[in-house]
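Chemist: Dock chain E against chain P, hints included.
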Amino acid sequence: MRSTTRFLLAVALLASSAALAQSHVRLSYEFAVPQGETKNYIDRFSSRGGHLDVSLELTYAFHLELSAGLNSFNAVKEGVLTTTDGKDVSGKQFRYLNVIPLMGGFAVHIPLRHGGRIWAGVNGGAAYFDRVIDLGLNSYSRSDWQWGVQPHVGIAFGLGDGGTALFFDGRWQYFWERHGIPAQQYFSFGVGLLFGGAPQKRK
Amino acid sequence: MRTGALAAALLLAACYPGGAETVEDLDAVTTQHDPAASFSTLRTYALPDTIQEVSAPGGQPLPMDHSFDTRIIARVASNLDAIGLRRVDPSVESPDVNVLVTFAATRYTEYTSYPFYDLWPGWAGFGGYDGTWGVYYPWATGTAYVTVIDAGSLRIDMLDQRTANASMKQVTAIWAASIDGVLAGDKESIVQRIEKGIDKAFAQSSYL
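In the order they appear, the protein sequences are chains P and E. Just so you know, we're using this note's numbering here: the first sequence kicks off at 1 and counts up by one. Just so you know, we're using this note's numbering here: the second sequence kicks off at 1 and counts up by one.
Pulled out of the complex, with its shape left as it was, chain P reads as follows (with noise of 0.2 Å):
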């Protein structure tokens, strides 16, 4: 009984160390290009924004995923804001959007050589959208929640044999609509570091 609990504990961490060895995490900057509602709100793409991902391997190439970003859009806008009290505001409209996406996922990463991979998966989870309107000496805002889904795709590019590699993604974030705020979407293509991604060496 004691040497099969052994031998099970074993079995565990040598599996628990190959699985490690493929987890990896990825550090990108992301740049934004608003779609539907969210480019009506703001007409211009977002050079601001980043993301963390975890990547832990299940099983060989099923990877869960766990993502967290921020995007930062602004824009001017001329014309007029109808506010929630019923006033019609004209003037110059500073327009900010902040969204963080807090997702988690799966995907399958393929192995290439020297180092490489490339990925496709989904995300699902929420994004906390904060929407800022300062319009002459006022300021109006909106913040809420919202749920949605992150498809995405990379490929990454090993550096050296440290399991460090350069990758490019590219994700659709689309949010359903909530509490009366319409649904929210936009593409973004990040350019970042993977660290930890060491090439398999299967026991």
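Errors might be hidden in some of the hints.
20 Å max Cα-Cα, derived PhoX-like pairs, lysine-lysine [stated by the list, open to error]:
(1) K196(E) to K87(P)
(2) K87(P) to K200(E)
(3) K77(P) to K39(P)
(4) K200(E) to K77(P)
(5) K77(P) to K87(P)
(6) K77(P) to K196(E)
Note that these hints are calculated values from the structure, not bench results.
Modeler: Okay, now just chain E, sitting in the frame of chain P:
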């Protein structure tokens, strides 16, 4: 390579509108109306020849230069004429609406307390003082950073004379416009901004 990346980052940052850059950027025109009001039945209006000075809540009232009253009143009248209303002398003919034009000029002085880290982000402090400490200015009201803004607001109220309640001494406003901005620059430029705001107020009120 590194220089190129830095230049690209600076270029992108420079392209972003970060907020108001001129006083005109802070101009705003707000209109409100009574959805139950029947604007299509309005035919006549009365309009005083002078602008009434009022004081805004809070702040220190500033004196107003009335030498531009005629010009501003004329701009309001031309917009009312353009929507098909006829100006009448209220001592001769009772108007459908009275249009009042008021102006408030106010100096807002704001004393804002701030911790060290707001002033110098990322600074670790000195001599045992950390970001939770503030600066006390004995000559100011409390721990403060002082901001002074001179703001002006021209208000146009359309009061329905037909539904005036004499017993309650109450007249209903069916439309109001507020042309708000920062009082900066020469008087001519301020008046031009006000005139532009008056035109905007009528333009964004298509129901009139």
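Chemist: Could you run down the list of hints and mark each one as holding or not?
Modeler: We went through each hint and held it up to the structure:
| no. | hint | verdict |
| --- | --- | --- |
| 1 | K196(E) to K87(P) | holds, 19 Å |
| 2 | K87(P) to K200(E) | holds, 14 Å |
| 3 | K77(P) to K39(P) | holds, 12 Å |
| 4 | K200(E) to K77(P) | holds, 16 Å |
| 5 | K77(P) to K87(P) | holds, 18 Å |
| 6 | K77(P) to K196(E) | holds, 18 Å |
Of the numbered hints given earlier, the model fails none.
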